[in-house]
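Sequences and hints are given; from them, build the entire structure.
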Amino acid sequence: MSNVSTVAFSVFLFFFLLVTILGFVAARWRRAADMGSLDEWGLGGRGFGTFIAWFLIGGDLYTAYTFVAVPALLYAGSAIGFFAVPYTIVVYPLIFLFLPRLWSVSHRHGYVTPADFVEGRYDSRPLALAVALTGILATMPYIALQLVGIEVVLQVMGIGTEDANWFVKDLPLFIAFAVLAAYTYSSGLRAPALIAFVKDTLIYVVIIVAIIYLPTQLGGWDAIFSKATDSFATANETNADAIAAGSVAPKSAIPAPLLHWAYASLALGSALALFMYPHSVTAVLSTRNRSVIRRNAALLPAYSFLLGLLALLGFVAIAAGVKVTNPQQAVPQLFENEFPDWFAGVAFAAIVIGALVPAAIMSIAAANLWTRNIYRAFINRGATHAQEAQQSKYASLMVKFGALLFVLFVSTTYALDLQLLGGVWILQTFPAIVVGLYGRWFHRWALLAGWAVGMVYGTVVAYGNPKVGDPGSHFGSPLNEFPFTETLVYIGFTTLLINLLVTVVLTVALRAAGVDEGTDATSPDDYGADLGDEDVQAELDPEAAAH
Amino acid sequence: MSQSARWTLILVLLAPAVVLPLLVPLYDSEDPTLLGFPFYYWFQLALIPVAVVLTVVAYYLAKAGDRDRAAKR
Numbered sequence: 002m003s004n005v006s007t008v009a010f011s012v013f014l015f016f017f018l019l020v021t022i023l024g025f026v027a028a029r030w031r032r033a034a035d036m037g038s039l040d041e042w043g044l045g046g047r048g049f050g051t052f053i054a055w056f057l058i059g060g061d062l063y064t065a066y067t068f069v070a071v072p073a074l075l076y077a078g079s080a081i082g083f084f085a086v087p088y089t090i091v092v093y094p095l096i097f098l099f100l101p102r103l104w105s106v107s108h109r110h111g112y113v114t115p116a117d118f119v120e121g122r123y124d125s126r127p128l129a130l131a132v133a134l135t136g137i138l139a140t141m142p143y144i145a146l147q148l149v150g151i152e153v154v155l156q157v158m159g160i161g162t163e164d165a166n167w168f169v170k171d172l173p174l175f176i177a178f179a180v181l182a183a184y185t186y187s188s189g190l191r192a193p194a195l196i197a198f199v200k201d202t203l204i205y206v207v208i209i210v211a212i213i214y215l216p217t218q219l220g221g222w223d224a225i226f227s228k229a230t231d232s233f234a235t236a237n238e239t240n241a242d243a244i245a246a247g248s249v250a251p252k253s254a255i256p257a258p259l260l261h262w263a264y265a266s267l268a269l270g271s272a273l274a275l276f277m278y279p280h281s282v283t284a285v286l287s288t289r290n291r292s293v294i295r296r297n298a299a300l301l302p303a304y305s306f307l308l309g310l311l312a313l314l315g316f317v318a319i320a321a322g323v324k325v326t327n328p329q330q331a332v333p334q335l336f337e338n339e340f341p342d343w344f345a346g347v348a349f350a351a352i353v354i355g356a357l358v359p360a361a362i363m364s365i366a367a368a369n370l371w372t373r374n375i376y377r378a379f380i381n382r383g384a385t386h387a388q389e390a391q392q393s394k395y396a397s398l399m400v401k402f403g404a405l406l407f408v409l410f411v412s413t414t415y416a417l418d419l420q421l422l423g424g425v426w427i428l429q430t431f432p433a434i435v436v437g438l439y440g441r442w443f444h445r446w447a448l449l450a451g452w453a454v455g456m457v458y459g460t461v462v463a464y465g466n467p468k469v470g471d472p473g474s475h476f477g478s479p480l481n482e483f484p485f486t487e488t489l490v491y492i493g494f495t496t497l498l499i500n501l502l503v504t505v506v507l508t509v510a511l512r513a514a515g516v517d518e519g520t521d522a523t524s525p526d527d528y529g530a531d532l533g534d535e536d537v538q539a540e541l542d543p544e545a546a547a548h
Numbered sequence: 129m130s131q132s133a134r135w136t137l138i139l140v141l142l143a144p145a146v147v148l149p150l151l152v153p154l155y156d157s158e159d160p161t162l163l164g165f166p167f168y169y170w171f172q173l174a175l176i177p178v179a180v181v182l183t184v185v186a187y188y189l190a191k192a193g194d195r196d197r198a199a200k201r
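As given, the protein sequences belong to chains X and W, one line each in that order.
Numbering-wise (this note's numbering), the first sequence opens with residue 2 and increments by one.
Numbering-wise (this note's numbering), the second sequence opens with residue 129 and increments by one.
Incorrect hints may appear among the rest.
Said to hold, decoys possible - The calculated lysine to any residue pairs, modelled on SDA-like cross-linking and capped at a C-alpha distance of 20 Å, are:
id	chain 1	residue 1	chain 2	residue 2
1	X	468	W	167
2	X	252	W	168
3	X	228	W	160
4	W	200	X	95
5	W	191	X	290
6	X	228	W	164
7	W	200	X	224
8	X	252	W	156
9	X	228	W	158
10	W	200	X	526
11	W	191	X	95
12	X	252	X	290
13	W	200	X	525
14	X	252	W	191
15	W	200	X	534
16	W	200	X	228
17	X	228	W	168
18	X	228	W	159
19	X	252	W	167
20	W	191	X	224
21	W	191	X	539
22	X	228	W	162
23	W	191	X	526
24	W	200	X	535
25	W	200	X	537
26	X	228	W	161
27	W	191	X	228
28	W	200	X	300
29	X	252	W	165
30	W	191	X	528
31	X	228	W	167
32	W	191	X	292
33	W	191	X	102
34	X	252	W	157
35	W	191	X	399
36	X	228	W	143
37	W	191	X	300
38	W	200	X	536
By construction, these hints were calculated from the structure, which means they are not laboratory data.
Listed below in structure tokens is the structure:
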């Protein structure tokens, strides 16, 4: 059944089981009152200090995205994949500037989700519903990326085959899904928090070995870069006709000038998207004060350096002669070829657990959004604590199931494209959330219209994008020509601009027409409030109503 | 330092960390290489410590600003 050694598989299984058991035990860890309430299940009692919070935030960003999705692009000769580095540089100054304001207004008014804030700021339940639905939808393809990460590791280990039977073929995926669903369901946020320690230790060990040991084995970075460049040149020569015909993408270690805008817009678009995901907002709001957010923004880029070196494992795999048809298997295959068996097992465990943790965190955050802003706001206004906790558990299962559907039915070229599709959607909440933190000039109905136009336009364009060499296929690329030009730009970026344009134009029109713009529940002073100020809650209560 | 001067300074500090990584033509070349890394790769990696230093300075400025604000209350 397995094409890796028994040793590698046993070591992998040991860590995997360890984590699974920890996940279940976590339910008992630092238990406060009872697990039956949403507060306990969804925010882990919020007794986490800075140190644990730091691990949790890191866990959100450094995942299968880093180990599998990004190196896959570089392995395939698409240097544009390195945009992940500028993305993770640009995002921290933005967090530094935007999120302390969200923290302040949320801690003064008891906002637990971005939808709460939007409802308070714009006095609009439809807009809050739109923001909540977008958060849930956008999280699914992001979790899908994590599932793909787990899947390729299991494939490299020989579980599941290219069998014609769809169930056998996707068995690794179903196993991963089942484990994730089971332990998140029983332990809530405590599971990922406790596992984050095991995960980060494993990941650091694997990364350090991978970026120090592997290059020395392969003649140093000089040799790695020149071997990668040579292999791209050879591939381009072999496929010269197909490249000229546009059915094969040319390979390159540095993006062509044609792709400069694509590169910059992917980086900026991803950075603007990241902190609006429900799980990012949960993490930020659970910090102690404004200052902690800024301190984290200054410290977290340390992770970006590792991300960059991990991305380059795509080139290391080429230099090591790894030949895989699915580029996403490149790094797991590299580990299997180059590491001693026992350490390959450790590395596989690191990748899989590194995908499980963020997937769990993301699904819980999306589930809380469902319970608070849809279930309690629209379906059952008088819900009890137990009903809410039960709703969140069901919702987190549904979100993971939605992610599974994305993996099975949205066949993208790269898993990275799934996350970028989520980005297209979540970016449509930018005008309401981030611009709303600075002013209230936008009209609530204009924001809703801009959001709707952006969602439809972005989805239609992404759907209509065929893969290279496969006309008629869908979701083939996160890039599209910017309207009225031939410049390729990230769809999410273009869509955000269109969204903003619609919002501005309609705001002017609606204001001229004197349409009621509702009452702002917040005051300018709220956005700079800090712990110790009047009415600022140290900890948010997800079961209490916003005020 | 007044609050507005302080925040202008913070914005000026953070601007390069946002803008430089997005200016692809600035670092779109093979040479000069460093420790085997083409310029394109090492320059982007080198921007990380630069961004860290800028953000840490901005953090202390903002923290002092918050302290002043609290003292006035």
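Each hint tested on the structure:
1. X:468 with W:167: Not satisfied, since the Cα-Cα distance of roughly 31 Å exceeds 20 Å.
2. X:252 with W:168: The given pair, whose Cα atoms are some 16 Å apart, holds under the 20 Å limit.
3. X:228 with W:160: holds, 18 Å
4. W:200 with X:95: Not satisfied, since the Cα-Cα distance of roughly 28 Å exceeds 20 Å.
5. W:191 with X:290: OK: residue 191 of chain W and residue 290 of chain X at ~11 Å, within 20 Å.
6. X:228 with W:164: Given that 20 Å is the threshold and the Cα spacing comes to 12 Å, the pair holds.
7. W:200 with X:224: violated, 60 Å
8. X:252 with W:156: holds, 16 Å
9. X:228 with W:158: Between residue 228 of chain X and residue 158 of chain W the Cα gap is close to 14 Å, so the pair holds against 20 Å.
10. W:200 with X:526: holds, 14 Å
11. W:191 with X:95: Holds, at roughly 17 Å.
12. X:252 with X:290: violated, 47 Å
13. W:200 with X:525: This hinted pair holds, its Cα atoms lying about 17 Å apart.
14. X:252 with W:191: Outside the cut-off at roughly 47 Å; violated.
15. W:200 with X:534: holds, 12 Å
16. W:200 with X:228: violated, 62 Å
17. X:228 with W:168: With a Cα-Cα distance of about 17 Å, the restraint between residue 228 of chain X and residue 168 of chain W holds, given a limit of 20 Å.
18. X:228 with W:159: holds, 17 Å
19. X:252 with W:167: Cα-Cα ~18 Å, so holds.
20. W:191 with X:224: Given pair residue 191 of chain W, residue 224 of chain X is violated - Cα atoms ~46 Å apart, limit 20 Å.
21. W:191 with X:539: holds, 18 Å
22. X:228 with W:162: holds, 17 Å
23. W:191 with X:526: holds, 18 Å
24. W:200 with X:535: Distance ~14 Å between residue 200 of chain W and residue 535 of chain X Cα, so the pair holds.
25. W:200 with X:537: The hint holds at about 17 Å.
26. X:228 with W:161: Status holds; Cα separation ~15 Å.
27. W:191 with X:228: Given that 20 Å is the threshold and the Cα spacing comes to 48 Å, the pair is violated.
28. W:200 with X:300: Since the Cα atoms of residue 200 of chain W and residue 300 of chain X sit roughly 29 Å apart, the hinted pair is violated (cutoff 20 Å).
29. X:252 with W:165: OK: residue 252 of chain X and residue 165 of chain W at ~18 Å, within 20 Å.
30. W:191 with X:528: holds, 16 Å
31. X:228 with W:167: With a Cα-Cα distance of about 17 Å, the restraint between residue 228 of chain X and residue 167 of chain W holds, given a limit of 20 Å.
32. W:191 with X:292: Holds: residue 191 of chain W and residue 292 of chain X sit about 7 Å apart, inside 20 Å.
33. W:191 with X:102: holds, 14 Å
34. X:252 with W:157: holds, 16 Å
35. W:191 with X:399: Between residue 191 of chain W and residue 399 of chain X the Cα gap is close to 42 Å, so the pair fails against 20 Å, i.e. violated.
36. X:228 with W:143: violated, 37 Å
37. W:191 with X:300: This hinted pair holds, its Cα atoms lying about 15 Å apart.
38. W:200 with X:536: Roughly 18 Å between the alpha carbons, so the hint for residue 200 of chain W and residue 536 of chain X holds.
Figure legend: structure checked against the earlier numbered hints; hints not met, in rising order: 1, 4, 7, 12, 14, 16, 20, 27, 28, 35, 36.
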